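Participant: Residues per chain are reported as follows:
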Amino acid sequence: MDFMTSVGVWVAAFLTLSIFSFLYKDNPFYKFAEHLMVGVSAGYWVILLFYNVLLPDAIDPLFTEGKWYYIIPLILGLLMWTRLFKKTAWISRYPLAFYLGIATGVAIPLEMKAKVIEQLYGSVGLVAQMHEMDAGFGTVINNVVILIGVFSSLIYFFFSKEHTGITGRVSQVGIGVLMIGFGASFGFTVMARVSLLIERVQFLLFEWLKFGA
Amino acid sequence: MKRQIPLTIIFILGLFMVFQYFVPHETSEFLYEFIALDWPPIIGVFALALGIISLVRVSIKRVRTRDENWQYALVTLIGLAAMLTAGLPWFGGQTSPVVQWQFDFIMRPITATMFSLLAFFIASAAYRAFRARSVLATLLLLSAVIVMIRFFPMGPFTEPAAATADWVLNYPNLAAKRAILIGVGLGIVSTALKIILGVERSYMGRD
Amino acid sequence: MNFFEKMFAIDRRWVYLALGLAILISLLIPFSIPIPISEEAQNIYDYVDQLEPGQAIHLALDYDPSTLAELHPMTLAILKQCFANDVDVVITALHQFGPGMAAAAIDTAVARHDELTGEQMESGEDYVFLGYKPYPALIILGMGQNYRIPFPADYYGVMLDSLPMMQDIQNYDDVEAIINVSGTSATDWWIAYGQGRYNVPLAIGVTGVMATDYYPYLQTGQIFGILGGLKGAAEYETLVGTPGKAVDGMKVQIVAHLIIILFIVIGNIGYFSTRKRRGGAV
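Protein chains in written order, with my numbering: chain V, 532 to 744; chain D, 112 to 318; chain Y, 11 to 292.
Since the hints were derived computationally from the structure, they do not count as laboratory data. Keep in mind that the hints are not guaranteed to be accurate.
To be verified - Just so you have them, the derived chain D footprint on chain V, three or more residues with Cβ under 8 Å:
1) 565-578
2) 646-657
3) 689-696
4) 722-730
The model shown is predicted, which means the values in this text are computed figures rather than measured ones. Where is the CB? At the ideal position from N, CA and C, for every residue including glycine.
With the hints as extra help, turn the sequences into a complete structure.
Facilitator: As structure tokens, then:
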């Protein structure tokens, strides 16, 4: 390991312990690390935006390749900064409108397809699958679970009709299905959170203190 | 001028993008590639920079006025300056080893540790709040525990436990998440339509 | 105050200490647990494994250090498999703190491959790292038309047209699949805008928090595999034959999970015992 890496590991260990100290209570070490991170990551982002967007997409085409029309997005971008002053803030609506128009227009057909149509199509496919001659009893039951689950959960989200009578009972089933879904998410979330902690302890033990090395 | 023109821009561009998806004509393809996909990131950079400008403004003000805890604002500014200096073209830009060093040994440990604190909080929350108060809460709890023990080596119970968890994930969980997904999808599409048609204008701010 | 009421009155820092110690001790004790492979992970491995040398995949790395514990081992294992099979890799990082992670992962994977085989993987020939751009949705669409629209040059500033590997790669038609390793909503965009618009086969490696949300896409075939959290990472490490940080972490997971389940059980016993005493009024 070269010198800079060794120094780096010590710095990283100090910062890791500084953040962990928050578990006891808020303190200057935690605050120091937190503020340092804000500064360093802001700087990192500026670097990325400059070298990955401004330089190759605007400055190079404009000044070295002579593509004069790249002045348009550049000006539109600069107009965003009119927000910094109250009187001129309305001008920033122009570039914002340009971006929003494109982003929303793109979203409509694609989000509809991925999140709604494909999902309904997938559910209808389950019915077709059950019709097949060799569909086993298990497949039928499982597919019915999905179909009833999706339908009843959608009824639960359907607020245009009061949840009483049959609608109420179906939506109760829906909440039950949603609870199973949220439970599964919780189970996975426990694993996720613990993973992050394990990795930090692995770093402290094996990379910094070199246990078992 | 202040409202009508932006609304018109959104309407025209929004409709163009929707139609472009269904009718990929040569001209529309050109406009799509050239303007819609190439320009917004350039414009966006300036919007993103706004956040950084205001961070610098606030930090400088805190240091100048010797605000409570102003020293930490100074730490932020020093961190920013250190990273920016390392990223100057003369030091190798974004691929400079000093930039990568600061990323690996400052940003990486702090961010990773900050999020690892959540492990402690979720353990404490499980202890204090995860109760089988009702049938629904019991369903939530059971499903969570089934998923949590799915990779435990438990002798003859290992296989059935894993199979049960797989079933929960692939059937009831799938149904719940699909219903949510359909709801989210319809929400995104209706919000997008509202923006294009000028019904939703809150992004414009007041005046 | 009965036993359980006393238990609940303890400072939460004792709970923290119990969890912390459990993780620390179980990491230091050498033991291992079997890692059963799920179908969702096996699918991804098999797909990459049947690719011919020279074919390409796109590895979209959209995560920052906050989720590195789960996602970094996945990236390393996938890169190992691609390098070993001589599959070309196009790499992007669309999270604002992602390029640092991606660059570190590439360096590690290249060094490990060199150590293992003595073969040096070259940027531009065996892999291409395109770097970062903001606004992932539009960038994903842009690459679907042509990689050169959002990325005229790679992360190191070399023009794409001058890279040997990119000569035959124009857009998603020229990669066999996209594998998105992600800790953000970028995955939704890869599904809706990448797979949805350009019909490219897509698999995902996501954090545990996100994993359960993507099962509907698996059933519809919009994605062909999921690596979920540290377990997914451990499965892939096992599949490629180099158990690492994720496999090691899974043994600790069991201890940590047991402790948390124990907390839940104690909490519930306490809840029911005090409820009975108060006549079920809680």
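Participant: Could you run down the list of hints and mark each one as holding or not?
Facilitator: Evaluation of the provided hints:
1. 565-578: Since 14 is at least three, the answer is holds.
2. 646-657: Holds, because 6 residues of the region 646-657 of chain V bring their Cβ atoms closer than 8 Å to Cβ atoms of chain D.
3. 689-696: Per the Cβ count (0), the hint is violated.
4. 722-730: holds (count 6)
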